[in-house]
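K.L.:
Take a look at the letters that make up each chain.
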Amino acid sequence: MTEGEIVSALAGLLSPEQVVSSAASMRVYDCDAYTVDRATPQAVAIPESTDEVAAIVRWCVDHDVPFVARGAGTGLSGGAIAALGGVVISTKRMTRILEIDAANRRLRAQTGAVNRSLTEAVATHGLYFAPDPSSQSVSTLGGNIGENSGGPHTLKYGVTAQHILGLTMVTPEAEIVQFQAGSPGYDFLGLIVGSEGTLGIVTEAWVKLTPIPSTVRTALAAFADVREATQAVSRIIAAGVMPAALEMIDKGILLALKAAFGLVYHPDAAALLLIECDGDVASVERDMNEALAICANALEISVAESEAERQKMWNARKKGVGAMGRLAPTIVTHDGVIPRSKLPETLDFIYAMAADKGLNVANIFHAGDGNLHPCFYFDDRDPEQVRKVIEAGSEILQYCVALGGSITGEHGVGVEKIDFMKLMFSPESLAAQAAAKRIFNGGSLCNPCKVLPDQKGCVEHQRRWRGAAW
Amino acid sequence: MSISTLTPATRKELVQLVASATSLGIHRSPLKWFGRPSALWREEGDAFVVAALPDRAIISFSPEDQVVVVGGGMRVSELQAGLGAEGYGLPIGPGVPDLALSDAIALDLPHGLESQHGSWRSWVLGMTILLADGNIVTAGSRAVKNVAGYDLHKLFIGARGTLGVLLDVTLRVTPTRAVAPTLWRPTRREGFFPTLPGGGWIQRTLATDFMKAVEKAGDQVVAIDPASSVFWATLPPDQDLPRYRGDAVLRAHSGEKNLRIEDTMMQKFMLRAKAEFDPTDKLNAGEFF
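Residue numbers (the numbering used here), protein chains in the order written: chain Z, 1 to 470; chain W, 1 to 289.
Because the hints were derived from the structure by calculation, they are not lab data. Heads up, some of the hints might be wrong.
Quick list of the computed label-pair ranges, beta carbon to beta carbon [what the hints assert, rightly or not]:
1) W:I59 with Z:K251: 38 to 46 Å
2) W:A85 with Z:E307: 37 to 45 Å
3) W:I58 with Z:G358: 39 to 47 Å
4) W:R188 with Z:N297: 53 to 61 Å
5) Z:E99 with W:P236: 30 to 38 Å
6) Z:M1 with W:E215: 54 to 62 Å
Residues of chain Z placed beyond 12 Å of chain W at every Cβ, according to the derived structure [to be verified]:
7) M1
8) V7
9) L13
10) Q18
11) S21
12) A23
13) N315
14) T330
15) P383
16) L445
When the alpha-carbon atoms are kept at most 30 Å apart in a straight line, the in silico BS3-like pairs for lysine-lysine are as follows [unchecked claim]:
17) Z:K312 with Z:K156
18) Z:K357 with Z:K422
19) W:K12 with Z:K422
20) Z:K456 with W:K268
Built from N, CA and C at the ideal position, the CB exists for glycine as well.
One chain only, chain Z, in its complex shape:
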């Protein structure tokens, strides 16, 4: 099927301005925020409704053309790339909030709606949408559902899956189906959230809204030594304190923040620990006092006295990754997870391994969940550095799995980590996952080459990237 045939057919289903195919536009859609792997689609369709999505999928199925859904393209594992070409179905015009049911603390929206817009829509009711990935000012509800996104407040409030009450999906066979959380029968909703767009295209969702907590307290503890900070995290969790967020950044990030934004927190700090507690006044006071007592060996502890001070503390966390652009042309961020008590030794391992390979690494991560984000910064024009960075990533993920952890906590498998699935799961366990996939997607058109290894007809994208680099 030629590009021209696809474009004119889609233009007939939608309207001509809802189909994009110029070479310049296609470059925008050839990757997501995981930029090391690319694949160019033949056309981009921009539907406005569930029915239009179903019409596009029906056409793709009838003509054997692959398709993949795409929100804001902020994914970090290549989940939204058109691995085998075909049609990208963009949700960027599906941004409507369809129903606000404040009495039942729920809201229904199209999945192209930006995460933060949900919270903005219900703020006057004293409610908000709790999942808060760092990308929340641009990333979409659909992307959050596809990746089962986390964020700093996952520690207390849980990941996206816990906040989706129902969804409408166009299946890979172009049927429109609806699933509701907690209804009798198999939990298909639970299977679909986090399936990276491989089981269908979710077009609408009912989301759970959470009351805005009456009290929020935020503190920043500066440690002279990374191990002291990681030990404090493990002790806070072990003490049964339940902070809303427990985030850590290390010296590499602090240097980047200074270079990029002139932000300086403590001149001698090797690590900062951000602690946030929320809820009713009494429990917030109790939890915060206990957490800070555990941090008694810190160089300095500051507690935010105003919203402006709180924002400055969060800037360290939220601007950290962006600031790293100052340090090197390329950054690769990993996403391994370990049981939380293993943080101190795991960070030791990462630093020692990076030093051994002569690599630069900085860490900015969800410490309370044990969700690591080691960021390697390097020059990708040097094949030797690329090789070492890939090797380092592989060693970190093997270390996480050996401790009973995971190869990804929130960024997804996509094409990036497809080879690592065999590290974590036996052939029988992967076969069971493939069986679960076939319940909805027995073909190879709906977002092919993602999540599960050894799919028929797929070029292994990571292998291709390695080939190019070596």
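For chain Z, the structure is supplied; the task is to place chain W on it using the hints.
P.N.:
Relative to chain Z, chain W alone:
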């Protein structure tokens, strides 16, 4: 009509039992499995019943990670006592009858702290599952956050044992001090548990329909949880209570007394799931379908 009770002593025996069963069950009687016997979920008629799973204890508990791995045959009360001694627990409140953990999960049993702490799927981090073909597979991990691959374990929560046998379950636990107060309460003088085995109807409604639904159910209501908008009622299997937009109903008991899935689209995908995981209909035949 007879029920033969089987109690495999080891995982290996259980694997052999499941692997050797056929679509006709064992000696032409269906193979059913429960984690442990209970009044709430029982078998009637002809069947070979695995009435107790071989793993009945905590396999590992790491308080510093707030994660526990538990054999599917351990009773929830025993688990709560074990965790409680260390200052932890599952945030389920009082509204859960004393089933085996695998049964509570297989039924996705509502509990008295749902609105405050979520349902079973919020805390099940992973599972070891015996599939109908005799293969043992793992799903999830021991980390509290994990998006590697499909959340296979969620398919088994609320599946009433029709897709596989839950050998062990990895759970996130909650510090006792962080467990919210419950609003769950029995509404009958004789209490909740003595009345429930008479026939269980558990209905979750939207908050705005809850008071109306409870009023309509009248004397049959045995417990309510206004925070989660869930009520429990005793109801003969051939009777229904009024339904409301966006509600959900679970019925206790197995087999014929169970609620049928009426939504045709849901039925279609459930049949596909069953065909993938248990194509010869070996496990807990009679549930759902």
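K.L.:
Could you run down the list of hints and mark each one as holding or not?
P.N.:
Going through the hints against the structure:
1. W:I59 with Z:K251: 38 to 46 Å: holds, 39 Å
2. W:A85 with Z:E307: 37 to 45 Å: Check passed, 42 Å falls within 37 to 45 Å.
3. W:I58 with Z:G358: 39 to 47 Å: Hint holds: Cβ distance 45 Å, inside 39 to 47 Å.
4. W:R188 with Z:N297: 53 to 61 Å: holds, 55 Å
5. Z:E99 with W:P236: 30 to 38 Å: The hinted range 30 to 38 Å holds for Z:E99 and W:P236, with Cβ atoms some 37 Å apart.
6. Z:M1 with W:E215: 54 to 62 Å: Holds, since Z:M1 and W:E215 (Cβ atoms, about 60 Å apart) stay within the stated range.
7. M1: holds, 29 Å
8. V7: Given a closest Cβ separation of 32 Å, the condition holds.
9. L13: holds, 24 Å
10. Q18: holds, 28 Å
11. S21: Holds, because the least Cβ-Cβ distance between Z:S21 and chain W comes to about 32 Å, which exceeds 12 Å.
12. A23: Answer for Z:A23: holds, closest chain W Cβ roughly 34 Å.
13. N315: holds, 24 Å
14. T330: The claim stands: Z:T330 keeps its Cβ more than 12 Å from every Cβ of chain W (closest is about 24 Å).
15. P383: holds, 29 Å
16. L445: holds, 18 Å
17. Z:K312 with Z:K156: holds, 22 Å
18. Z:K357 with Z:K422: The hint holds at about 25 Å.
19. W:K12 with Z:K422: Roughly 25 Å between the alpha carbons, so the hint for W:K12 and Z:K422 holds.
20. Z:K456 with W:K268: holds, 26 Å
The structure shown violates none of the earlier numbered hints.
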